[in-house]
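Undergrad: Starting from the structure of chain A, add chain B where the hints point.
Number of protein chains: 2
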Amino acid sequence: MAQALNGIRVLDFSHVLAGPIATNYLCMQGADVVKVESGKGDTMRNYGGESHAEGLGPSFVSVNTGKRSIVLDLKKPEHLAVARKLVAWADVVVENFRPGVMERLGLGYEACRKIRADIVFCSVSGFGQSGPLKANPAVDQIIQSMSGLMNLSGEPGSPAMRIGFPVVDTFTGMLASLAIVTALLHRGRTGEGQFIDVAMMDAAMVMMVSVAGPYLVAGVKPVKQGNLGYSKAPTADTFPTADGEITIGAIRQDQYEMLCKVIERPDLVIDARFADRGLRRKNAAALRAEVIDAFSSRTALEWEQLLNDAGVAAGAVRNLWDAFAHPHLQARKLTLPVQLPGEAAQAGNEARVLNAGFVLGHDNPGTDKPPPRLGEHSREILQELGYRQTEIDRLLAEPAEQH
Amino acid sequence: MAQALNGIRVLDFSHVLAGPIATNYLCMQGADVVKVESGKGDTMRNYGGESHAEGLGPSFVSVNTGKRSIVLDLKKPEHLAVARKLVAWADVVVENFRPGVMERLGLGYEACRKIRADIVFCSVSGFGQSGPLKANPAVDQIIQSMSGLMNLSGEPGSPAMRIGFPVVDTFTGMLASLAIVTALLHRGRTGEGQFIDVAMMDAAMVMMVSVAGPYLVAGVKPVKQGNLGYSKAPTADTFPTADGEITIGAIRQDQYEMLCKVIERPDLVIDARFADRGLRRKNAAALRAEVIDAFSSRTALEWEQLLNDAGVAAGAVRNLWDAFAHPHLQARKLTLPVQLPGEAAQAGNEARVLNAGFVLGHDNPGTDKPPPRLGEHSREILQELGYRQTEIDRLLAEPAEQH
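Chains A and B supply the protein sequences, listed in that same order. First residue of the first sequence: 1, per this note's numbering; consecutive thereafter. First residue of the second sequence: 1, per this note's numbering; consecutive thereafter.
Hints are computed from structural coordinates only; laboratory data are not their basis. Any given hint could turn out to be false.
A pair counts as met if it fits within one copy or between any two copies, since identical chains are not told apart.
Said to hold, decoys possible - DSBU-like, lysine-lysine: derived pairs with alpha carbons at most 30 angstroms apart:
hint: 1; residue 1: K282; residue 2: K221
hint: 2; residue 1: K114; residue 2: K333
hint: 3; residue 1: K261; residue 2: K114
hint: 4; residue 1: K85; residue 2: K369
hint: 5; residue 1: K75; residue 2: K261
hint: 6; residue 1: K369; residue 2: K221
hint: 7; residue 1: K224; residue 2: K333
hint: 8; residue 1: K85; residue 2: K224
hint: 9; residue 1: K232; residue 2: K75
None of the values given here were measured: they were computed from a predicted structure.
In isolation and in its complexed conformation, chain A is listed as follows (with noise of 0.2 angstroms):
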């Protein structure tokens, strides 16, 4: 059965998260990708300067199952002249480095189009490859700080507070994906190639298209409101419960008169002070104090199961690790198994990556590949870009330095 992307082939200059979550994804729908590093190796092996077996550290095995790996130093002539030729044997090239690097190793897009002329090229960067802070260095972070998103989230009047993960590496990585697939597409209806340029800082925009649109569109400005809800229903938040925290959204009048009834306390709906959701929001912190004293007879998993039972749309807040617990998620094979070689693999539990994160009704994502070792794969690629065995020997012999 084929995947999408079967015999679709990516070269991958990427590293660290953005570039290789964006031929995740590739990879995960057939595409055969090849990873070109230095003989140090993408620093995700051994993240945060942690040693980890055979280089293959949960960080790194998470965004580079089912790629092949081959090394290369691209300071030397006979290394790049093995880039080139990937160049040409390849469909899409990958790359994060600063802008200006790819060219000035003779690897930019003009020189790639030279080699190959319906490439598909890809540059992914913190800031793009135009604008004034192009050369700027940039991180999640940074990134998070200078976009907004640090502004969104908490209570009103509270300090910034970033994303405790680096989403906009991952959204940045997804986008660049959809980008080459898109552009892959119009190669196959035109025939030509392209040059994307996916930023971070762009990326970041883009994702806030809830607030931002608006922004745009009519000057609305976004405020912080905690967990409270957009329709600011006192009811449609974040709770303590007797054990653990629970997320509901009880807005229209019918869901808030069935949220009483199974906190039971009919009371609620007769009480003056919350006849209507004016009145509700106009005295929310007394209602508040009301759910809460409600919730602390039952753990925040008791009141899911009551509240769903009943309609109430309710959510226990659970740490990630209790979702992909979930009889749901388990039924949603939203994961693979990975094999990893011999001493990566004891220091494992039962290893699994994420797979693609949707379903399609055939030819689904996924791979039963492990993930490379550093330069697993260079003397197979070298052989099937015909170069002869004693090139290859002469090749792998010299120790390749980090580019």
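TA: Relative to the frame of chain A, chain B by itself:
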């Protein structure tokens, strides 16, 4: 000049946010998106119960510009017949009703593929088309609770904190768009359409890959650490200044020394408490106090300039409207002007919408068409489907009811 999805026809039954975001990406790349609405229209036209001029509220305009609108009452046989003709017309169907609704209307995937064998049919939902929770109501906040997203941001030990905008809706829409374009690529290569199942809950897990991945691979559980970076270096964090806050990323020894130089505190380099990374982490509170003291002499924007000039990654915490005003984002051409009809135009400022967020070498995303008024294109679309004038008059004469 043709855009990548020119000639692709999308029949869009979706409403509110995740579905319309998916089709917005398709529209921005040239697809002809026909939005099917009930007589009441997409609730986002008048979001939060507020009435907007011509039903073109800012949230609606943000993600529906360039689409066409037809009003159909799918409970009426003659209107359902129009919908079925539109399926025959379409390359792609997108819907985000609760699972089962399209089947009951006679417009489920199996029914649609009988009309058009190679249809790409994408269902977007809260929990997906399978699994025990598939019938549960889902809004962004509930998914943020249940997925673990609300337990990632904030200070250690702090209560659950949602990301302050519907980030899951956005990510889900983009994931759906990626899946659809992939399926179109697949169709181009094989002639086959397919069914695509995209769920907000799945999307939330995939969005957290940077922390969910390491958990799945090796049982690593994420911990909250406020604005402190992953390095846990106390000088990779967010600080108050004379005016506003700033995030900096001084991790390596050379970056730390440069920071000390820029803030004119060379004594901190030789201070025994801060002599290396380990000591700085050990004496983090003391170092933070020193940095805050130093930063109090200038504004965040001044420090941003000084630090970047010295090669230390730094970004002032901005609001999103300040980010849009930055010369860099102005240069990136991230947004498009949008034409609003009379009344709606007067309500807004100079209205703009976000483009797709990536830049293509040619055939760039974008649209010069306005957002549709409710049913604006009903007549035109019926004509395109081949209905005669008398039939059209009859279909349009009957006021459609909400489905």
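Undergrad: Are the hints correct? Go through all of them and say.
TA: Now for the hints, and whether the structure bears them out:
1. K282 to K221: Close inside one copy (22 angstroms), not across copies (40 angstroms); limit 30 angstroms.
2. K114 to K333: The answer is between: 28 angstroms across copies meets 30 angstroms, while 43 angstroms in one copy does not.
3. K261 to K114: neither (71 angstroms within a copy, 46 angstroms between copies)
4. K85 to K369: Within one copy, since 24 angstroms is at most 30 angstroms while 44 angstroms is not.
5. K75 to K261: neither (71 angstroms within a copy, 34 angstroms between copies)
6. K369 to K221: Cα proximity of K369 and K221: across copies only (25 angstroms, versus 47 angstroms in one copy).
7. K224 to K333: between (35 angstroms within a copy, 28 angstroms between copies)
8. K85 to K224: Neither way: K85 and K224 sit 52 angstroms apart in one copy and 46 angstroms across, limit 30 angstroms.
9. K232 to K75: neither (58 angstroms within a copy, 33 angstroms between copies)
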